[in-house]
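The whole structure should be built from the sequences, with the hints applied where relevant.
Throughout the sequence shown, residue numbering follows my numbering, covering 1 to 334 in sequence.
Treat the hints with care, since some could be wrong.
Simulated restraints on C-beta separations [stated by the list, open to error]:
1) 48 to 293: 53 to 61 Å
2) 281 to 102: 45 to 53 Å
3) 111 to 185: 37 to 45 Å
4) 135 to 96: 31 to 39 Å
Rather than coming from a laboratory, the hints here were simulated on the basis of the structure. Beta carbons: idealized from backbone N, C-alpha and C, even for Gly.
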Amino acid sequence: MLHFLSRRTAPVLIAVAGGLAASGGALAQSEADYPITIEHALGTTVLTEKPERIATVNWANHEVPLALGVVPVGFAAANFGDDDGDGLLPWVSERLDELGAEVPVLFDEGDGIDFEAVAATNPDVILAAYSGLTQQDYDTLSAIAPVVPYPEAAWSTDWREMILLNSEGMGMAAEGEELIASIEAEIAETVAAYPQLQGRTVMFVTHLDTTDLSTIRFYTNNDTRVKFFLDLGLEMPESVIAASEGGAFSGQVSAENVDVFDDVEIIVTYGGQDLIDALNADPLTSQMPAVASGAIVALSNDPLGTAANPTPLALSWVLSDYVALLAEAADKLD
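This is the structure we're talking about:
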């Protein structure tokens with residue numbers, strides 16, 4: 001698999017006891033002009049000086065500082081796809097090892113944000129560009145430190161926006177742009193090997209019950225999993241685009257109206273062979289072209305399934321495997 005982080009040659013900052021130290025013998029950061037003002041969906045955040053102690057909450061925001069060589073003082077423990085139960089996804093563990101860093105404080109968000117635990121890390125900034133923060137969450141966190149939440153809607157910040165906003169909150173916007181360019185180059189190189197993906201329509205079906213397929217639930221094009229399809233040369237079907245109006249990141253359709261998805265060529269979903277068998281056995285869902293052709297990518301609750309929702313470190317970890325699965329499904333259309 002490709003791991004762009006291990007190939008990066010530019011010096012990066014590494015968090016060490018007592019502050020930040022530069023690797024490679026040179027200061028990696030660009031000089032940001034302060035104060036920095038960040039407009040977002042929940043208000044305005046002003047950073048008056050460069051933060052040194054960075055905390056993150058909710059899903060994957062810690063991957064941005066880690067990718068840029070900075071170890072947060074605390075971040076949310078993984079609660080999906082964590083095979084060994086240590087609270088770390090494998091690409092996060094690998095990056096911490098690369099940086100020679102100990103595992104920082106892990107926030108247990110099983111019942112929501114642990115505000116006391118966040119406060120105990122004494123952060124200078126709290127990154128949450130990809131999150132589901134409510135206004136109350138934001139206000140409570142803002143009493144601890146400046147917060148960088150999502151720009152428009154909860155859980156709809158794509159991986160580029162996550163990097164841009166979180167890196168800006170760190171005073172490392174230029175480094176964030178370089179990281180995006182590196183990931184884009186890796187995606188382009190990987191996808192180039194699978195021309196059969198170009199222009200194929202795909203939808204992400206989710207949370208189906210094999211014992212009750214009366215409702216088809218799916219992610220809209222406001223969800224980051226679906227947005228990622230465009231990076232891979234795939235297209236959104238008109239049926240999903242139409243269902244995406246209003247900003248919701250998920251939708252549902254009665255199976256009686258399943259013909260609305262006749263423009264879907266490939267389905268990505270969470271489940272195993274039992275779900276595929278159920279879809280084929282059902283008199284309504286079996287009529288979906290993607291089901292009839294067998295063009296289904298079934299993901300599990302594992303690192304690959306987790307990384308279908310693309311994040312800065314996960315992308316390199318699973319990109320080649322994920323694209324290969326999509327290409328295998330596309331091959332069934334010929």
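Hints, one by one, checked against the model:
1. 48 to 293: 53 to 61 Å: holds, 57 Å
2. 281 to 102: 45 to 53 Å: Check passed, 51 Å falls within 45 to 53 Å.
3. 111 to 185: 37 to 45 Å: holds, 40 Å
4. 135 to 96: 31 to 39 Å: The hinted range 31 to 39 Å holds for residue 135 and residue 96, with Cβ atoms some 33 Å apart.
Going through the hint list in order, the structure satisfies each hint without exception.
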